[in-house]
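Chain residues, written in single-letter form:
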Amino acid sequence: MSIRVLYFAWVRERVGKAEEEIEPPAGVANVGQLMAWLAGKGEQYAYAFDNPKVIRAAIDRTHVRADARIEGAREIAFFPPMTGG
Amino acid sequence: MTTIIRLQREKIDRAAEVAKLVGARKDIGAVVTFTGICRAEENGAPIAALTLEHYPGMAETEIARHVEEACARWPLIGALVIHRHGRILPGEDIVLVATTSTHRQAAFAAAEFLMDYLKTRAPFWKQVEAAGGKTWVEAKAADDTAAERWSPPSPLRDAAK
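So the protein sequences, as listed, match chains A and B. For what it's worth, the working numbering labels the leading residue of the first sequence as 1, then goes sequentially. For what it's worth, the working numbering labels the leading residue of the second sequence as 1, then goes sequentially.
Please keep in mind that the hints were generated in silico from the structure rather than gathered at the bench. Just so you know, these numbers come straight off a predicted model, no measurement behind them. A portion of the hints provided could be inaccurate.
What the hints assert, rightly or not - Cut-off 30 Å, straight-line C-alpha distance, at most; resulting in silico cross-link-like pairs (DSSO-like, lysine-lysine):
hint, chain 1, residue 1, chain 2, residue 2
1, A, Lys17, A, Lys53
2, A, Lys17, B, Lys140
3, A, Lys53, B, Lys134
4, B, Lys134, A, Lys17
5, B, Lys140, A, Lys53
6, B, Lys26, B, Lys11
7, A, Lys41, B, Lys134
8, B, Lys11, A, Lys17
Take the sequences, apply the hints, and build the full model.
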């Protein structure tokens, strides 16, 4: 299962890239588990996902909570709380 | 119902945009506009510019969803949201929200609702450029509180299942 992952604002800066394709293992079922899995991918990821509680996520461009299942997702985005307007 | 939703790098021409929203209609009795402007200081320190990052595709979708919700809640004739992205200098507009209705109450309420939701749900992030370097603006709890006034919140993907 290949998923396109996007990072924005300081999450993007810490990870060091704006997007990538990932293939998480079968045991990674929801957004929270995906963040934990990403955090294990290296030092920069560990820094970016150090405090997952403050990171927001969207699946296929819709806001979701950490317990949202990722099955069938094509695009998952991670970003800090929004500060537009 | 006239709806104008746009993201742009270019400066916003307030008067022209509001004139387009109103058009030649004679049933509009009220137009409320809100403009968010880039200040020359943040937390007491002078800034050189703001850079607005956004999530293309999702930003438009989120704004459209909230415009739709505003139209369902209030008897609006028109709604406009124009949000800039990229580098914005102090004194320049960041966002323009305008609503039209037969009477002022609906127009005022809907404009405030749209702004409160833009602040907390539209995927935009402000970065401050100052003498000390670049820093990301932190989200304010007061903005969340303002948006919660209009609860129930828009359903999250999983809550809707």
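Hint by hint, here is what the structure shows:
| no. | hint | in the structure |
| --- | --- | --- |
| 1 | Lys17/A / Lys53/A | holds, 21 Å |
| 2 | Lys17/A / Lys140/B | holds, 26 Å |
| 3 | Lys53/A / Lys134/B | holds, 24 Å |
| 4 | Lys134/B / Lys17/A | holds, 18 Å |
| 5 | Lys140/B / Lys53/A | holds, 16 Å |
| 6 | Lys26/B / Lys11/B | holds, 29 Å |
| 7 | Lys41/A / Lys134/B | holds, 27 Å |
| 8 | Lys11/B / Lys17/A | holds, 29 Å |
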